[in-house]
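K.L.:
As a plain string of letters, each chain reads:
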Amino acid sequence: MSLEVLLIPLGIAAIAAIREARSTDLCEKCKTTRIKDQQLLHDALLAMGATNLSVGQGRITGDSPYGRITFQRIGEVFLGRVDRAADHDTENMLAALDMSVGALLQQRTIASLHARAAEMGMTLVSQTAANGEVQLVFEQAT
Amino acid sequence: MMQKKTITVTISASGSIIAEASGPGAACTDELSAIQALLPDAVIADSRLTPAYFQTATQTVANQQLQQEGDSGR
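First to last, the protein sequences are chains R and C. Reading the first sequence from the start, the letters are residues 2 to 143 in this note's numbering. Reading the second sequence from the start, the letters are residues 731 to 804 in this note's numbering.
Bound conformation, chain R alone (with noise of 0.2 Å):
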């Protein structure tokens, strides 16, 4: 038996919820992000260089090197501006804020994996890292 499985991680969200995501009056000019978990979001962000955060009930206010930033959580996804700034601005700072998600995430999943593993009895074989992707292989006797 061989069998290939997709999965993502608890915290951001699957494509639809983020195409439902649309900025309203709450947060004006705000662009989605696919961010479910406000936590995550605050470390992402503190990882990206953001500075004194203010964290609400689905809201976070801050400082960044794209300048004053604020997150609303609308649905189930936060959405995301950088304040009286152009477009381009706010796009530029998803972007940066995406790749921190990004890492933070792989950073977990490696660290449950490894603790996961041996709770399970599971050997790990290999850890490889290439163009911005791990692979680990694990084995376990049947």
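You may find that some hints are simply not true.
[Unchecked claim] A few chain R residues that face chain C, going by a derived Cβ cut-off under 10 Å, partial list only:
hint : residue
1    : Leu4
2    : Leu7
3    : Pro10
4    : Leu11
5    : Gly12
6    : Ala15
7    : Asp44
8    : Leu47
9    : Gly103
10   : Arg109
11   : Arg117
12   : Val138
13   : Phe139
14   : Ala142
Don't read these hints as lab results, they were simulated from the structure. The beta carbon of each residue, even a glycine, is placed where N, CA and C say it ideally should be.
Assemble the complex: chain R is given as a structure, and chain C must be docked to it using the hints.
P.N.:
Structure of chain C alone, referenced to chain R:
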């Protein structure tokens, strides 16, 4: 002889995960359970049987046919 189940997990720069399980037996639910147990903080978005599965299935059928032909030829 002891047989081994192998799970290969590839995590992309965006954080998405592809897990491939292979091993003895024909129960894909076992493979799926193992992947879910290994990755409890992720949800399954899609799954498929790999070409290796179909190759194995084809070989099994071919072997059975050869065996039947051998049996009937005796």
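K.L.:
Can you give the numbers of the hints that this structure goes against, from lowest to highest?
P.N.:
7, 8
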